[in-house]
Structures are given as structure tokens and as C-alpha cells.
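Per our numbering, residue 1139 is the first one in the sequence shown, and the count goes up by one each step.
Hints are supplied without guarantee of correctness; some may be wrong.
[Said to hold, decoys possible] Okay, derived cross-link-like pairs now, SDA-like style, lysine to any residue, Cα gap no bigger than 25 Å in a straight line:
#1 Lys1233 x Asn1151
#2 Lys1233 x Ile1148
#3 Lys1233 x Asn1191
#4 Lys1166 x Cys1207
Treat the hints as calculated values from the structure; they're not laboratory data.
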Amino acid sequence: MNNADREAEILTNATLLAGVLLKADASKREAMLPKLKALEMEVKATQLEVHKNLKRLVILTVNSAIRYCSTGKQSDAKLTRRHGNEVAKEFSRLKRLAQRRGRD
């Protein structure tokens, strides 16, 4: 697995954990919070210069999920979902772009 694949995996795991955290009960959220904060640090350390927008969206998703854990506000949950959807759109856009480059 090359470095770009590893970094894409980190971004994917952070987004998935943020989504799982939204559906978890309060005790599980508290238990998952340290892992999410650790993933946040890994996301910030990624060097994907080509996919800066994707990295920015993942950081926004993770930060809003952390805020949701802390405050419990539904507005933070909505933000997490919205940013997570944007991450999914960006991943699919990048996948289509890679497929086009593969055909050329």
C-alpha cells in the first residue's frame, strides 16, 4: 500500500467514525471520542496536496462530530452529516476523475 492509499484510508476511517458516532448512545460516544481525536491528528498530518478540499471537508466533519460529543446539540449533528455527505461526493468525484485518467 503506497502513501496516498494509506492517507485516503485515514480520511475514510475518520469520516466513517464520525458517522458512527452520531448514531451511538452517550456512553459509547464518550468512549469513541479519544479515538476520533487521535484520527483528527492523523488527518491533519496527511500530506495529500492534490486533495486539499477532501482533507478540509474531513477535518470539518471530525470537528463537528467532536463538538456534538461535547455539547449534544443537534445542529452539530446536522453539520456532521452535511460535511460527511460532501466528503462522499468528493470521494466519488475523485474516483470518476481517476477512472477517466485511466481510460486516456
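Legend entry - List of violated hint numbers, smallest to largest: none
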